[in-house]
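2 protein chains.
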Amino acid sequence: MNATIYDVSRLSGVSTATVSRAFSDPERVRPATRRKVYEAAAVLHYQPNAIARAMARQRTDKIAYLICKKGATILDEFYAGICDGIMRTANRSDYQLLVSTEEDWRLTVSTLQSKQIDGVILGGDAPAELVSQFQSQNVAVVLVNNRLAGVPCVVADEEGGVRQGVELLAQRGHRRISMLVGRLNPYVVRERYSAFLAAMGERGLSVGAGGARMCDADVESATAAALDLLKGKDRPTAVFGANDVIAAGVIKAARRLGLRLPEDLAVMGYDDSTVCAMLEPELTSVHIDCRQMGELAAARLMALLDGQSDIPPLTVVPTQLRVRRSV
Amino acid sequence: MNATIYDVSRLSGVSTATVSRAFSDPERVRPATRRKVYEAAAVLHYQPNAIARAMARQRTDKIAYLICKKGATILDEFYAGICDGIMRTANRSDYQLLVSTEEDWRLTVSTLQSKQIDGVILGGDAPAELVSQFQSQNVAVVLVNNRLAGVPCVVADEEGGVRQGVELLAQRGHRRISMLVGRLNPYVVRERYSAFLAAMGERGLSVGAGGARMCDADVESATAAALDLLKGKDRPTAVFGANDVIAAGVIKAARRLGLRLPEDLAVMGYDDSTVCAMLEPELTSVHIDCRQMGELAAARLMALLDGQSDIPPLTVVPTQLRVRRSV
DNA sequence: CTGAAAGCGCTAACAG
DNA sequence: CTGTTAGCGCTTTCAG
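Respectively, the protein sequence lines represent chains V and Y. Residue numbers for the first sequence follow the numbering used here, beginning at 1 and rising by one. Residue numbers for the second sequence follow the numbering used here, beginning at 1 and rising by one.
What the hints contain is simulated information worked out from the structure, not anything from laboratory work. Keep in mind that the hints are not guaranteed to be accurate.
Which copy is meant is left open, so a pair is good if it fits within one copy or across any two.
Unchecked claim - Result set (SDA-like, lysine to any residue): computed pairs, CA atoms no more than 25 Å apart in a straight line: (1) Lys70 to Asp289; (2) Lys70 to Lys233; (3) Lys231 to Leu197; (4) Lys70 to Asn91; (5) Lys233 to Gln308; (6) Lys70 to Gln292; (7) Lys233 to Glu263; (8) Lys70 to Thr274; (9) Lys70 to Lys231; (10) Lys70 to Asp94; (11) Lys70 to His287; (12) Lys70 to Arg92.
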């Protein structure tokens, strides 16, 4: 059996309340007393029991990260990066992190909301219904990589990222540029695609033959779509993939068609995932600091839980072009 | 305020004990009574409070996944896959999953062990000291992707994987084969490397010029090492990367040297990560079912927690060669 | 099959 | 600054 606060109380000759204070609010006990408590605790190998604490305080110091993305999970590098950021921030503040995917969210929600978590970070395409469920259960909510009114959101500067990409391509003399868009998270697709059209429009550039094109989010579909796109007459001289996986498909297609990279075709990705360095030529891509997004999301959530009232409704994390040999 | 068991008790006219039973052991209350309870619960939107439950039962139904790998985290596709498997199994059995990295494990351990988790799955290079700390705190432990006596372990069939790879290369007529080994998890390096030597020896094949070679675990180092390896006289006709990232480096090096793939050089990877499909040519690799490893690890842990005594000390998950165009 | 009641270990008024 | 004490919501003997 583990030692309890009573054992410490007895051994150190102070009340349980004092022991409790010594651990949760050391300032409030006289140094001498505190030391006595700590000594007794050490002797007994006392560890405060977090469950009992949660019970008494009606607060668990536990938050959850729920990835709302069908099929994909923590396996998605992007969401894993966010997870990493959340994890760091949570650990640093003595919060514990529960991770789950949306998949069976009816279940997830119900277990999560049986008062075991103080707040939740929803990553990706969270249904509004889910958000309000949590809120109605008095669980604080923050969104990441998505936007919804009335909830603090953390997103990347998609528009800036796309703009930087288009700008570079334009500088390098490209006039016919296509974007190959996959069925990613709807929010992301919308943002990147409209930013692309806007950036192109501003420069009076023509969206390349085939325009912006839709494909599934896997390499195979992207490769097929790219083959199609590049075989036509007036093929674009540059293709902007809506993410790196899609861009990898474009590179494969280009190779199969015997196009030289980047001479015959420039390729740009988005996300700056680890694959960029593994491709030949290395893929130019828009870097998103996922970890930072996670850290900020966690920070917002914790601020919310601390009862702070000046939480910014929207936090935009800057993006940055990483220029490599593919353009 | 959320409804409690008392509210349900009052509304349904039965005792709290009965309400409790109706939820945690339905068999033990008469159907009619049970129904009354459920109805009242529904009216009140009652959700059993897991914290209180944990408090009373001295058991949290919560497990943790601790990734013991410096630097890398949940971002590592391999460990993320395991995480996914654990997550599924845990959710299915109403366990909750806490995720953390080893990084600051002194802290992690102490928070984890303040009786908030029933068990822990240690992924990767877990220090024996950590294991015994948990055990001494009466927290059940299972290892994944590592082996240690006295603890149930779940690993992949590394030897079989390497053997299949070497076999294929031999079949295709390769006689000089090198392995490029990165500084991965020591357990994995040891297993893959010795399996490689054994498989080569059995077939009387010569470990290629440069033999097995060490490099850091990133693409850049792998590329540099591969350039070196391939420039020499008597270069190997095939290179087996100790994982896919390293193999990607080999491909890059080969391209830079103008070697044709697979005609001039066959490349084989290990892990069958998502990058395989993105490379050109697609990378042949040894598939490891990470999710299954996670699922099994979770299953073992849960069996342990259920007090089952016939837990196999070692579970080996089969690996399988995925042949693609790079060989 | 059901009820009464004693905890589980800690916190938070409140009082001193 | 410290002690007393009443919970937090649920489970679990032990009786009935």
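(Q) Regarding Lys70 and Thr274, is the shortest C-alpha distance of 25 Å or less found within a copy, between copies, in both, or in neither? (A) For Lys70 and Thr274, both the intra-copy (22 Å) and inter-copy (17 Å) Cα distances are at most 25 Å.
Within, between, both or neither: how does the pair Lys70, Asp94 come out at a Cα-Cα threshold of 25 Å? between (30 Å within a copy, 20 Å between copies)
**Prompt:** Between Lys70 and Lys231, at a C-alpha cutoff of 25 Å, which is it: within one copy, between copies, both, or neither?
**Reply:** neither (33 Å within a copy, 46 Å between copies)
Cα distance capped at 25 Å. Does Lys70 pair with Arg92 within a copy, between copies, both, or neither?
Intra 30 Å, inter 17 Å, cutoff 25 Å: inter-copy only.
25 Å Cα threshold - placement of His287 relative to Lys70: both (24 Å within a copy, 23 Å between copies)
With identical chains, the pair Lys233 and Glu263 could be close in the same copy or across copies; at 25 Å between alpha carbons, which is it: within, between, both, or neither?
This pair counts as within: shortest intra-copy Cα distance 17 Å, inter-copy 32 Å.
For this session: First find the shortest C-alpha distance between Lys70 and Gln292 inside one copy, then the shortest across copies, and answer within, between, both or neither for a cut-off of 25 Å.
Result: both (23 Å within a copy, 19 Å between copies)
Intra- versus inter-copy proximity for Leu197 and Lys231 (alpha-carbon distance at most 25 Å)
Within. Shortest intra-copy distance 23 Å satisfies the 25 Å Cα cut-off; inter-copy 47 Å does not.
### Homomeric proximity label, Lys233 with Gln308: Cα distance no greater than 25 Å
neither (58 Å within a copy, 68 Å between copies)
| message | I want to check one pair: Lys70 and Lys233. Are their C-alpha atoms no more than 25 Å apart within a copy, between two copies, both, or neither? | response | Neither: 37 Å inside a chain and 51 Å across chains, both beyond 25 Å.
*Intra- versus inter-subunit Cα pairing at 25 Å for Lys70 with Asp289*: both (23 Å within a copy, 20 Å between copies)
When no copy is specified for Lys70 and Asn91, does a C-alpha distance of 25 Å or less occur within a copy, between copies, both, or neither? between (27 Å within a copy, 16 Å between copies)
Consistency note: the structure conflicts with the earlier hints numbered 2, 5 and 9.
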